[in-house]
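Same order as they appear, the protein sequences are chains H and U. Take the first sequence: its position 125, counting from 1, is numbered 125 in this note's numbering, and each next residue is one higher. When you read off a place in the second sequence, starting at 1, and then add 317, the result is the number in this note's numbering.
Hints in this document: simulated from the structure, not taken from any laboratory. Since this is a predicted model, take the numbers as computed values, not measurements. For glycine and all other residues, C-beta sits at the position ideal for the given N, C-alpha and C. Some clues are possibly wrong.
Derived Cβ-Cβ restraints for the label pairs, each shown as a range [said to hold, decoys possible]:
(1) U:Thr-448 / H:His-62: 54 to 60 Å
(2) H:Ala-61 / U:Leu-353: 58 to 64 Å
(3) U:Arg-742 / H:Gly-56: 32 to 38 Å
(4) U:Pro-435 / H:Val-21: 39 to 45 Å
Computed, partial: chain H to chain U, Cβ under 10 Å [what the hints assert, rightly or not]:
(5) Asp-28
(6) Leu-30
(7) Phe-37
(8) Thr-44
(9) Gln-83
(10) Gly-165
(11) Trp-228
(12) His-230
(13) Thr-241
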Amino acid sequence: MILFALRRFLGFAATLLLAAVVIFYLLDLLPGDPARFTSGITATPEAVANLRAQMGLDAPAHERLLGWIAGMLRGDFGMSYTQRAPVAALLWERLAVTLPLTVMAMIISVVIGLPLGIVSARARGKAPDTAIMVLAQLGVAVPNFWFGMMLTLVFAVALRWLPPGGFTPRGENPWLSLRGLVLPSPALALPQASILARVMRTALVDVQGQDFIRTARAKGLTMGEAVWRHGVRNALLPVLTILGLQFAFLIAGTIIVENVFYLPGLGRLIFTAISERDLILVRGATVVLIVAVTATMFVVDLAYALVDPRLRERSTP
Amino acid sequence: MGRIFKSIGTALALVGALAGAALAQQPTEVRIGVALEPPILDPTAGAAEAIDIVVYQNIFEGLTAIDENGAVQPGLASSWTISDDNLTYTFKLHEGVTFHDGTAFDADDVKFTFDRIPAADSVNAHKELYTDIAEVKVIDPFTVSFTLSKPVGLFLFNLGRGDAVIVAPESADNNATTPIGTGPFAFVQWDKGNRVLLERYEPYWGTMPALTKATYLFIGDTAAMTSALLAGDIDGTNNFAPDSLAVFEGNPQFKVLVGTTEGETIPGTNNRKPPFDNLKVRQAMAHALDRKAIIDGATFGYGTPIGAPFAPHNAYYVDLTGTYPYDPAAAKALLAEAGYPDGFSATLKLPPLGYARLSGQIIASQFAAVGIKLELINVEFAQWLQDVYTNHDFDLTIISHVEPFDIGNYANPDYYFGYDNPDFRALIKTLNETTDDAKRKELAIEAQTIPAKDAVNGYLFELAQTGVWNAKLAGMWQNSPIEGLVLRGIHWVE
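Chain H with its partners taken away, still in its complex shape (with noise of 0.2 Å):
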């Protein structure tokens, strides 16, 4: 088991300096110079020049690449190129936005999603199931920018229930600041939940078909019972691979939530700085997002073993 976890975790190091090295490398191929957007279209070429040599941007690549790598490793994310603040602590202060945000994002869809699911697969070929696969279908199709607006329309201008967007950190009120994140994580968990609930449809709907059920049912159990007890647990497993995946795609998701909602979260701040070609900040966002992915598929390997205990067997001889 010990040698087991150490493989992994060698070849998660190993996946994470891959990673580095790839991103700096493309990065450094993009065109563009955050010095001289920093200084203005009207700056001299020599201000222009000051400010390259003050960000370290004259050294050769590879040299600033060990560096980078370096500082990583002492935990130093180095020095933002426009913002002239330390890249830990910008990521840092947006996460404060993002992770909850896409928390609350993930908890929607889960709780609206898998429900759905099942309802439909129980009622399958009726007139909830159909109803609730057109809602998924819709829900997938609508993008999330177009929902949120729609969101900050009816209960931000017309009915003035919630704020239309921004964020009040939660220092300052944490009451306000939850406010805030009620409009933007429905809007980011809406295909989300679409996708899962027909995920979750699809599976009972196989579960229900196999043996077990059918003795499930022989036993004396209810159609109910027999799926409720057994079907559900064993529809969970696929269910569980795209919840994992749905990770990354909620952080995708939040550049464009963000964006609507003026959320000053993660997405906004890797778009604003690929926009400002603030590489090193650029890179910083994708290792820590990648950590993040990694780590999810991670937990998501070890929620398998709890769901299904022949993994678990296995795993510990």
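Go by the hints and put chain U onto chain H.
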């Protein structure tokens, strides 16, 4: 019984009056939405307009101040005298001025500020404007004199720019993130990606502004800005996308302020490169442009036509829009004369600005009508700066030149459009060194005529500033003669 009713009535009236008084209390806070977040908050270390929008004349002040009409007013200098040879300016400074960290302002801060701009490691984006300052001398704590190596016609204006605001040696190094100036508003907090908070600086030396607190919110998305205005989350924005203005125009809760900016929008032409090095080709392109169609299509009618790189609201402006009127037949004839009877193909690189992308499409169809086939290439701004601006790797592009008096760029042969005319350079030099107003006007008119006749670039329109504000707010600048969003006059009215 009647008495009881009477006293209840009196009590109610009293409550009503109190409530009325509470309601009549004007708010003193404002929340302003702006599209671009500044990368830093130090106007002496970057030329991004977003910096000046937050800090200019709010946090930082210069010796002079530019007013809403573009005129020079006293700032931290209460008065000045100019020597007869126009080489020595002596400024009397206001006394009792403090920086927001409590340190006193005096002539040493002025000297520090102007010694810092030309320094070798300076990142001031406009060093070149201050290179003619030979010496800054502290005469006494509140008198300072500037000696110039040659006369500079715009010297007092240049002192009023964001690039020349007065900073203190104690705080200058940290101004990028915690700006400390002498202005009516002090910096409180910057939540990156979210907002900047400013607060009235109570010990301010000048007239106290009505506002006690101002919040700038960064909202990049036009649709999000629209919702924020409609939902009352922000009280206004200084420059709103003209395509969405219709939402607010008929709405009595809002006022739309349409004013001028310093932004001359041009199809920038690479004069170094054939066929654009041929005057006839450039004249043909000028004849092929239908300004009215472009202004209607790209700015929704809010632009003002221009015929030269000069702002129409400037006192020296001369209307040159008739130099090459819209005439496709003349354009074709000129192309044939230049040796391109069947036209030619070229690329048009478009930065991610609404007016540029829209103008680009319209120009492509207008050029196609005379035989010039344009390939439209959309580029990000960082890429535009590199390809077009720095490496001059382009045929045509569209951009607005937003600085005051930027006609001087035409005297720089290394500038991206590459206009190389020694006569024009000599003229600009004379203009810069002339201080007599009548003489300056004469020279400025001549300076406008030369690039217009040479059709260096096409000349489309002056960008409008289209602000959307809560109808109960007053005192905003309608025009934008210099980059900034000056808060000092803004107040709430009934």
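Hints, verified against the model:
1. Between U:Thr-448 and H:His-62 the beta carbon distance is about 38 Å. The supplied range of 54 to 60 Å is therefore violated.
2. Evaluation of the 58 to 64 Å hint for H:Ala-61 and U:Leu-353 yields a failure: the beta carbon distance comes to about 30 Å.
3. U:Arg-742 and H:Gly-56 have their C-beta atoms about 37 Å apart, which keeps the hinted 32 to 38 Å range intact.
4. Against the hinted window of 39 to 45 Å, the Cβ-Cβ separation of U:Pro-435 and H:Val-21 comes to about 42 Å, which satisfies the hint.
5. The closest approach between the C-beta of H:Asp-28 and any C-beta of chain U is roughly 13 Å, which is over the 10 Å cut-off, so the hint fails.
6. Among the interface hints, the one on H:Leu-30 holds; its C-beta lies about 8 Å from the nearest C-beta in chain U, closer than the 10 Å criterion.
7. Taking 10 Å as the C-beta cut-off, the interface hint given for H:Phe-37 holds, the closest approach to chain U being about 5 Å.
8. Below 10 Å, beta-carbon pairs count as interface contacts, and H:Thr-44 has one with chain U at about 6 Å; its hint therefore holds.
9. Given hint, H:Gln-83 at the interface with chain U, holds; its Cβ is 6 Å from that chain's nearest Cβ, closer than 10 Å.
10. The interface hint given for H:Gly-165 holds, since its Cβ lies 6 Å from the closest Cβ of chain U, which is under the 10 Å cut-off.
11. Taking 10 Å as the C-beta cut-off, the interface hint given for H:Trp-228 is violated, the closest approach to chain U being about 43 Å.
12. At a threshold of 10 Å, the smallest CB-CB gap from H:His-230 to chain U is about 48 Å, leaving the interface hint violated.
13. Annotation: H:Thr-241 was flagged as interfacial toward chain U, and the flag is violated, the nearest CB pair being 33 Å apart, outside 10 Å.
Hint compliance for this structure: hints 1, 2, 5, 11, 12, 13 are broken, all remaining hints hold.
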